Amino acid sequence: MKAFLRLCGWEVRHLRRDRQAWLVCGALLAAAVVAIWTGERRLARNHAEIAALPGHYATHLEAIAKQFTPQGDSGYIAYSTFFPTHHAMTPLAGLAVGVRDLVPNVIWVRLLGLEGQLYEADLGNPGIQALGNFDLAFVLCALAPLALLVLVHDALTRERESGRFPLLAAQGGSVAALLAARIGVRGLAVALTSSVVFGFACVRLNVPLTTESLGWLAAAWVHLAAWAGIAALVAVVARTPAASLAVALTVWVVQVVLLPALLNLGLATALPVREGLELTVRQRQEIHSAWDKPRGETMDKFFVQNPDWSGTPPVTGRFVWKWYYAMHQVGDESVAAESNAYRENLRARQRITARLAWLVPSAYAQLLFSQRAGSDLDAHLAYLDRVRAFHAEMRTYFYPMVFAERNLTPAAYAAFPQFRANVPPPPAPLPLWPLLILAAGSAALATRHLRGPTL
Amino acid sequence: MLPIARHTFTELSRDGRFRLNAALLVVLSVVAGLAGWQQVRALRAEAAAAAAGERGRWLDQGNKNTHSAAHYGVYAFKEPRPLAVVDPGVQAYLGSTVYLEAHKQNEPLYRPAQDGTALQRFGDLSPALVGQALLPLLVILLGFAAFAGERERGTLRQLLALGVRPVDLLLGKALGFTAALALVLAPLALLGIAAAAALAPAGQRTDELLRALAWAAAYAVYLGAFLFLTLAVSALARSPRTALVVLLAFWLVGVVALPRALSDFGRTLHPTPSSIAFRTELEAALGDPHGRETLEAQRVAILKQYGVTKTQDLPVNWSGIALQFGEERANGLFDRFYQNLWSTLVAQDRIFQLGALLSPAPALQLVSQALAGNDTAQHFAFLTQAEHHRREMQRTLNGALRDSKGSTAAFEWGKIPPFVFNPPPLTTALAPLLPSLGFLLAWFAVTALVALASLRRLRA
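Residue numbers (this note's numbering), protein chains in the order written: chain A, 32 to 486; chain B, 219 to 678.
You may find that some hints are simply not true.
[Claimed, not checked] Computed beta-carbon distance windows for the label pairs:
{"hint": "1", "chain 1": "A", "residue 1": "A475", "chain 2": "B", "residue 2": "A565", "range": "37 to 45 Å"}
{"hint": "2", "chain 1": "B", "residue 1": "A412", "chain 2": "A", "residue 2": "L198", "range": "57 to 65 Å"}
{"hint": "3", "chain 1": "A", "residue 1": "L198", "chain 2": "B", "residue 2": "G234", "range": "26 to 34 Å"}
{"hint": "4", "chain 1": "B", "residue 1": "E370", "chain 2": "A", "residue 2": "A475", "range": "35 to 43 Å"}
Note that these hints are calculated values from the structure, not bench results.
Source: prediction; values computed, not measured.
Backbone N, C-alpha and C fix where the C-beta goes; we use that ideal spot for every residue, glycine too.
Construct the complete structure from the given sequences, taking the supplied hints into account.
Quick look at the structure:
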């Protein structure tokens with residue numbers, strides 16, 4: 032143990048004099064600063080958008096009040112009012128965008144059928160979105176492993192080339208210990224650089240000290256540990272420095288570029304999700320066909336699911352608001368099963384991705400980061416669930432008035448239901464142990480390779 | 219020169235590492251291409267089925283009020299382009315469906331990317347990804363030692379002493395590498411040509427085939443630039459290791475990091491307006507009381523024209539006129555607002571285009587997407603055509619409503635033609651790309667010149 036610590040001390044001194052190492056860590060730092068800066072801007076835009084919501088809503092209500100002064104039909108007022116819902120980015124989402132720039136941050140809902148209102152996208156530039164983001168998660172998932180590989184890929188080949196190997200072996204030193212000390216010290220340097228960067232990001236973006244932010248840091252370390260194991264394998268398999276560089280690069284390209292892309296492709300081919308469109312088309316069909324049916328038929332369908340309202344007077348005449356809303360709700364209910372299946376399908380995608388990513392540390396780390404930042408698909412689905420709950424609340428609030436055909440004065444608008452953004456914590460955070468097992472497994476393989484007859 | 223080329227090629231074709239890497243890349247791109255093929259066919263079948271269903275429902279509306287039908291609306295679908303097989307471009311990031319209804323220009327719906335996990339930000343595997351990111355890497359790995367390695371082994375001095383001209387050495391090696399790389403690029407090109415031939419509708423086949431050929435040519439120019447760059451660095455570098463490190467750093471920054479950074483940079487410089495701000499302003503403009511006043515003036519003028527005092531006494535149905543008036547007023551506003559929005563997106567794209575000053579990758583990405591028919595501009599063409607269809611549809615329906623006074627006959631729903639997207643032809647698609655094409659060719663020319671200039675260092 033003492034000998035190992037002495038080795039580590041020697042490695043630290045060696046590292047401090049290594050210009051290349053300083054350069055690599057400096058480049059990583061610079062990339063991270065750029066990523067944090069863009070993350071800061073992105074968060075500021077999201078928060079400004081959400082901060083502007085009450086203002087927009089107030090203006091909107093004023094316009095409605097003007098239209099319905101002194102009073103108006105509650106059904107017509109509910110029809111005209113859009114209610115804002117929002118999904119604020121957590122500070123960590125500035126560091127791991129995940130899917131947040133593809134899905135809406137704000138959805139305005141009306142008392143009409145909900146299914147058609149959930150899948151609209153924010154305005155965005157498809158060409159720019161397709162390129163991905165330069166966020167801190169990208170720096171940590173893709174660039175930090177590369178920095179580590181650059182620093183340690185020739186840990187053994189250089190010794191072998193300079194002829195110090197036999198010397199070391201003669202002194203009774205263990206090659207494995209040397210490799211462990213070198214990779215340990217250099218991996219620590221990269222990990223510390225990443226941690227400094229993360230600390231800086233936390234200060235700039237006001238990231239609170241929570242289990243999520245600590246989990247982020249832990250994920251960054253564990254991810255690098257997995258890569259250190261892979262780097263050890265790279266270091267032991269190659270014979271010359273040039274070969275070890277080629278191997279390191281190949282491993283990086285396969286792990287960071289190819290396998291994640293292959294996972295995506297496989298998943299999109301194996302689990303295609305296209306129900307969103309069918310849902311809306313069918314729901315719309317249901318709603319519009321109701322115009323041509325006897326009113327009573329739609330009402331009866333509605334009463335089956337919502338018996339509380341069956342005592343209200345029957346619908347007569349061509350247009351009554353309660354019939355209109357019943358028709359919309361029947362439209363929603365007719366696609367409820369498909370809607371559930373659609374969401375279940377999306378969640379299955381997420382689960383299977385996480386399982387398949389066990390062997391692709393960068394992909395797994397990306398999932399870890401975006402989950403802890405609340406910027407993954409699950410977080411968006413949870414937001415849509417909150418919108419659903421809010422929409423149900425709207426129905427509970429307005430139906431008694433609509434079914435009693437009551438009028439409303441603008442003074443009553445203040446009591447309208449409001450969306451509350453109580454974001455629940457993610458169900459069960461993705462575990463870190465798959466990466467630890469990967470780290471241990473590759474380290475063990477590397478050690479076995481060292482003991483083999485090849486040395 | 220030719221013997222050098224032959225020698226370089228033979229050496230490469232015997233090199234196990236080259237054969238392994240090349241085979242791997244070819245297999246990957248073919249697998250990705252076939253998966254893409256499958257997806258294009260599935261998406262097309264779905265779009266066709268959905269469009270047929272929509273059409274059937276539309277024609278089967280019976281004796282319905284034409285304005286109710288206008289509210290019921292139709293969905294316009296965009297079928298995937300054949301060359302999505304080689305470069306899906308922005309396909310997953312844009313909606314392939316627009317809902318066309320009365321009074322409203324809608325945003326496209328259902329972007330497949332919205333249903334993806336956070337992993338998709340790594341990019342999708344496609345022949346384009348192989349060509350844009352991995353083939354340059356292959357070029358670097360093959361060529362970094364071309365001169366630096368010979369110098370280290372001392373064979374360079376021998377060759378020059380034998381009287382071999384440096385220019386012949388450069389061109390010979392370049393030719394040899396090109397022949398080897400052509401073996402890898404050819405399957406990609408064939409994939410594109412096959413997709414264009416098999417998947418394009420009859421009327422667009424020539425256009426798509428030209429696109430496929432131009433697509434392959436663009437990648438050849440791009441890889442040529444990387445080849446000359448690699449040879450130049452190899453001639454200038456003191457050791458093969460230095461050459462490799464310099465080239466890899468360029469690849470990492472120029473191909474991997476830069477496009478993402480430009481994406482964020484573009485959005486920061488030209489932020490996309492938030493949906494609410496956009497909609498609130500649009501709705502405020504639509505609800506402007508001025509609209510109601512001009513409509514009233516119109517009503518008075520028409521009453522005067524027919525010499526009556528009440529709209530009920532008009533020989534035509536006033537609501538048809540009023541609705542069409544509202545449509546036309548709104549159309550002017552939609553044009554103004556969407557032009558504004560799109561010009562922001564174009565400004566973001568321009569930042570990306572300027573990134574070609576630093577690396578050939580952004581230029582190739584834009585050219586490749588556009589040739590495949592999957593860039594933002596051709597997406598806008600779909601939206602523009604869909605919106606045009608919507609306006610024509612409203613005009614016809616409102617006209618029928620106007621003339622329906624006293625008649626109980628059902629509207630002939632077939633009078634509204636089905637929506638068909640006509641993709642812009644190659645020349646139109648290429649027009650906005652001239653800067654990118656220029657950048658791409660400039661990269662090729664400049665790297666070739668630098669490679670020639672670097673030959674002076676060979677004798678040193």
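These are the hints, each one checked on the structure:
Roughly 54 Å separates the CB atoms of A475 of chain A and A565 of chain B, a value that falls outside the hinted 37 to 45 Å. Against the hinted window of 57 to 65 Å, the Cβ-Cβ separation of A412 of chain B and L198 of chain A comes to about 60 Å, which satisfies the hint. One distance hint, 26 to 34 Å for the beta-carbon pair L198 of chain A and G234 of chain B, holds here, with the actual separation near 33 Å. Between E370 of chain B and A475 of chain A the beta carbon distance is about 37 Å. The supplied range of 35 to 43 Å therefore holds.
This entry does not satisfy hint 1, going by the numbered hints stated previously; all others are met.
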